[in-house]
Amino acid sequence: MRTLRSPWMSEGALYGAASGLALAFVVSLFPSSRPVGSRWLASVPLPVAAYAIGVLVAYRRREIEDARAALEVQEELRFSQDHIMANETYRSLSAYLEIAAHQMREPLRALVSGIDVLAASSGLPEGARKQVGALKDDLESLNATLRHLSGYALTRPGRAPFSVSILLHESILLCRRRAAEKKILFAERYTVVPPVMGSAMRVQQALFNVIINAVEAMPFGGGTIVVETAHENDRVIARVRDTGIGIRPDHLPRIFEPFFTTKPERNGVGLGLWAARQMLDIIGADITVKSAPLQGTEVRISFPQAAPLRPGREGTAHPPELDKNTADDRDRHIA
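Here our numbering is used: the first residue of the sequence shown is 256, the next is one more, and so on.
These are computed hints drawn from the structure, not numbers from a lab.
Glycine is no exception: its CB is placed at the ideal position from the N, C-alpha and C atoms.
Some hints here could point you the wrong way.
[As the list claims (entries may be wrong)] Think about it this way: if two alpha-carbon atoms lie no more than 25 Å apart in a straight line, the pair counts; the simulated DSS-like pairs of lysine-lysine are:
#, residue 1, residue 2
1, Lys437, Lys545
2, Lys437, Lys385
3, Lys391, Lys438
4, Lys391, Lys437
5, Lys438, Lys385
[Unchecked claim] Computed beta-carbon distance windows for the label pairs:
#, residue 1, residue 2, range
6, Arg364, Ala415, 25 to 33 Å
7, Ala355, Asp489, 39 to 47 Å
8, Ala485, Asp505, 29 to 37 Å
9, Pro362, Thr446, 35 to 43 Å
10, Asn488, Ala547, 21 to 29 Å
11, Arg316, Glu512, 33 to 41 Å
12, Arg364, Arg433, 23 to 31 Å
13, Leu379, Ala547, 51 to 59 Å
14, Ala547, Gly477, 35 to 43 Å
15, Gly369, Thr479, 34 to 42 Å
16, Thr446, Ala547, 25 to 33 Å
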């Protein structure tokens with residue numbers, strides 16, 4: 256809180272004195288209608304009364320300013336405490352997920368090895384072979400999920416150039432099972448963009464949080480999520496657009512608050528977008544959201560490029576598996 260300063264010779268007192276002088280003069284013109292509380296004006300010289308009123312006005316204004324400053328400090332302290340609590344909760348969650356992923360990784364490797372042996376068996380019926388192949392796909396998906404869980408650890412070091420397009424594509428693959436359940440398609444539209452410097456694992460975690468939010472916002476029965484990249488003013492842009500239920504105007508300012516969620520109980524804890532912004536802030540990326548009820552949502556992430564794009568250089572503009580598409584049509588739908 257700001258220290259209370261003496262108002263006796265302050266600028267406010269001088270302004271107040273001028274106002275008080277005018278007030279005292281007016282009151283002195285009407286002695287019969289003078290309020291009881293101001294009768295003291297008649298017993299002191301006019302300049303003294305004016306200065307006294309000015310000092311009282313300045314003192315009162317200083318009290319109001321100090322009270323306002325105290326409220327601001329209190330609000331900042333409350334926000335800091337909430338932020339610290341959210342960080343501690345998130346770190347605890349990160350540590351738990353890292354341990355859980357590590358403990359599940361070894362049994363998963365054993366399962367994959369057993370499936371490979373079974374698939375190599377010559378006497379396996381065709382129907383069983385298809386089931387074994389589907390089971391192996393499920394195990395590979397589980398392995399990708401474990402890698403994704405490991406990415407929650409905020410202490411993971413490392414900075415290197417990476418392709419935003421590749422991380423977007425890998426994040427989509429992590430979401431494909433949930434998207435398939437809701438019959439949602441992804442349209443991937445990648446352009447030639449420079450690499451970005453930072454922790455690829457953290458950024459992929461942030462992108463996954465954004466994309467899975469889009470999937471959950473879509474209704475069952477279909478729809479398309481457009482994922483695209485662009486290069487604008489030395490920034491690498493990633494956009495995720497859905498045709499879901501949208502966000503209410505009164506909820507939009509709160510979507511990056513920790514623990515804020517509109518999902519039913521046990522369906523979300525409200526840390527996804529908050530964590531995404533925390534991890535993007537580390538590398539100087541900005542995330543903004545545009546949305547309206549029943550009109551879908553667009554999330555825009557702006558990354559600082561690692562280096563200027565050289566003329567004729569393609570770099571890592573899009574996932575290698577998309578190279579077979581034409582340069583003019585890089586849309587790809589994944590069910």
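Holds or violated: Lys391 and Lys437, Cα atoms, limit 25 Å.
Given that 25 Å is the threshold and the Cα spacing comes to 23 Å, the pair holds.
Taking 25 Å as the top limit, are the C-alpha atoms of Lys437 and Lys545 close enough?
This hinted pair holds, its Cα atoms lying about 23 Å apart.
Checking one constraint from the list: CA of Lys438 to CA of Lys385, max 25 Å. Satisfied?
holds, 23 Å
Between Arg364 and Arg433, does the C-beta distance stay in 23 to 31 Å?
holds, 25 Å
Given pair status - Lys385, Lys437, alpha carbons within 25 Å
holds, 24 Å
Is it true that Ala547 and Gly477 lie within 35 to 43 Å of each other by Cβ?
violated, 20 Å
Can the suggested window of 34 to 42 Å be confirmed for the beta-carbon pair Gly369 and Thr479?
holds, 38 Å
Can you tell me whether the CB distance of Thr446 to Ala547 sits inside 25 to 33 Å?
About 27 Å separates the Cβ atoms of Thr446 and Ala547, which means 25 to 33 Å holds.
Satisfaction of the hinted span 29 to 37 Å by the C-beta atoms belonging to Ala485 and Asp505
holds, 31 Å
Cβ distance range 51 to 59 Å for Leu379 and Ala547, holds or violated
holds, 54 Å
At the C-beta level, are Ala355 and Asp489 separated by a distance inside 39 to 47 Å?
Taking Cβ atoms as reference, Ala355 and Asp489 lie about 40 Å apart, which means the hint holds.
Within 25 Å, alpha carbon to alpha carbon, are Lys391 and Lys438?
It holds: about 22 Å lies between the C-alpha atoms, which stays within 25 Å.
Checked against the numbered hints listed earlier, the structure breaks hint 14 alone; every other hint is satisfied.
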